[in-house]
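Engineer: Protein chains in written order, with the working numbering: chain A, 55 to 429; chain P, 83 to 308.
FYI, nobody ran anything at the bench for these hints, they're computed from the structure.
Just so it is clear, CB atoms sit at the ideal spot from N, CA and C, and this is done for glycine as well.
Hints may contain errors.
[Said to hold, decoys possible] Between beta-carbon pairs, the in silico distance windows are: (1) A:401 <-> P:167: 31 to 37 angstroms; (2) A:302 <-> P:175: 57 to 63 angstroms; (3) A:401 <-> P:276: 55 to 61 angstroms; (4) A:413 <-> P:287: 42 to 48 angstroms; (5) P:95 <-> A:312: 16 to 22 angstroms; (6) A:398 <-> P:227: 32 to 38 angstroms; (7) P:211 <-> A:63: 27 to 33 angstroms.
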Amino acid sequence: MKLPLRYNLRSLVERKTRTAMTILSIATAIFLSIMMVALSRGLVETTRATGSPLNVIVLSQGAESMEFSAIDAEIVHHLQALSGQPLVSAQAYISTFVAIGGVEKRGVVRGLHATTALGIHDNARLLEGRLPNRGFELAVGNLAATKLGVAPSALAIGQAVDFEGQSWTIVGRFEAPNTILDSELWADVDDILLATKRSDYSAVMLRTKDAKAAGDILFALALRTDIRVGARAEREYYGVKARAMEPLRSVALVMTLMLVLGGILAGMNTMFTSISGRTREMGVLLVLGYHRRAVLFSFMLESLAMCLAGGLVGCTAGLLLNGLPMKIPMGVFRFVVDAQTLAMAMALAAFIGIVGALVPVLRVARLSVVAALRD
Amino acid sequence: MTLIALEKISKSYKKGDTTITPLDGVDLEVDEGAFLALMGPSGSGKSTLLNLVAGIDRPSAGKVIVAGQDITRWSEDRLADWRTRAVGYVFQQFNLMPVLTAFENVELPLLLLPMSRAQRKKQVLTALELVGLLDRAGHYPRQLSGGQEQRVAIARAVATDPQIILADEPTGNLDRESATEVMNLLVGLNAELGKTIVIVTHDALVSAYASRKLHLDKGELVEASA
């Protein structure tokens, strides 16, 4: 009882301008939805992925963030004396203006020790050169140039940049994919303290051998009344930062819903004109012996085909976003477009197709054959 | 033998506040193999009568009996299935699907019947040959003249080999020459293939092709001299 598909396909081709416009508007809605999801996932997941499950981060008591934390050298000695962890890294973390070729850009600099850096941050690896030692040296993250908005050549090995009244020479380049470390500049921690005229560190990272050891250290630190610090798992630290971005996710969701609504209205408008213009055709098909539901189903199919085509175009465009860097004050993130997002986008396109056709289809579904023929 | 029987058929519908009753207790019998022309002024209910026979409209009262079966209360789907095999319908405005070729238009009702692709193709080509348009099989309606379009529509109506052909003003949109071609075609279907034909027209020249003529006026059917 099915109508031949070529009837629907040719109907779409026959009205090519209208079909193309609808496909384009659906594609735009789908593309923007993908962008919203990719953006929020990129931000939240990159932040979350920065923390290692084996790391404990120690901040000064009450501090929520490394930027607002100050840990005295004496506490670092206490922490080094804690049993069970092979690696301790006292770090200085500053957000500062970096002058590159006379132009100042806001960048994020992490001071650490070359000997422990890669042991603590096991998601990072050296791409070329070496890690910075004393003498105002720098290693740059793979996305640091993007973060600072300069050409990668400006941050090549051998180049110099200025900040905190010092000239720093680039000696290496590292990557830490899908983490915010990727957009940082790394220097020796004592050089940072010297340049910033500080005596206290921002945080101390403790690398433990397993998750249980991490838990033990957190427990032990909580009991110590002589070391008054705020310690937490690094995962939790970045998890909190990720949660702080949840409102952005809500905005993304609301915008996506509005785009979908727009898509539905566009689809509905096209299908309304298309179906209303073919009421008589429906009447003729009924006279020929086609069942009403077969005719209506074929109209639905037509709308679905159009929206799925729009979905495919939107997904193809959306896929191009995958991995593209985007800049925010905290660092550089990459858009994340995965199979799950694309599947959801296609489901969304199908939903728009079905809902968009529903109203006009229900309208003609009630018409008598004679009324349809008279249309 | 009676093929179509209408028994005390009434049809009324509301238009605004007034009730219009174009058919009021009409009786009609059409024999198998007849060629009947239904005539009458606009709004007299000719087309309504034709639609009742086709099962695309329902009477307010009375019975429609076709080939011994009372189709009056059949469901829309049952009527549709029956119509595919039993009735071919020709419209004034041809009503071909603009996006389908002549071949595909004729094939449309055949897709509803269980048959092989080869058998279907054979029946389409036979129907197109019957109306003299075999060479236009691949043409779209917009590439055909009005007369040719109506001939394709007739091929579509006879493709499933129905017993009854119903035609509502089939020459209403055609010039005299094309109208003559179409009427000769219908006469051939009646005389050579034994199809029972009921045609609605207000054109006396067209009704002259029919073997029986009926006038419908003010809800009453009157036999006109043949």
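Engineer: If a hint holds in the structure, say so; if it does not, say that too.
Structural biologist: Results for each hint:
In this structure the supplied range 31 to 37 angstroms is violated for residue 401 (chain A) paired with residue 167 (chain P), their Cβ-Cβ distance being about 42 angstroms. Separation of residue 302 (chain A) from residue 175 (chain P) is about 58 angstroms and conforms to the stated range, judged on CB atoms against 57 to 63 angstroms. The hinted window of 55 to 61 angstroms between residue 401 (chain A) and residue 276 (chain P) holds, with their beta carbons roughly 56 angstroms apart. Our hint of 42 to 48 angstroms for residue 413 (chain A) and residue 287 (chain P) holds, since their Cβ atoms are close to 47 angstroms apart.
Checked against the hint of 16 to 22 angstroms, the pair residue 95 (chain P) and residue 312 (chain A) fails, with Cβ atoms roughly 45 angstroms apart. A C-beta distance of roughly 52 angstroms is found between residue 398 (chain A) and residue 227 (chain P), which places it outside the suggested range of 32 to 38 angstroms. Between residue 211 (chain P) and residue 63 (chain A) the Cβ separation comes to about 28 angstroms, which falls inside the hinted range of 27 to 33 angstroms.
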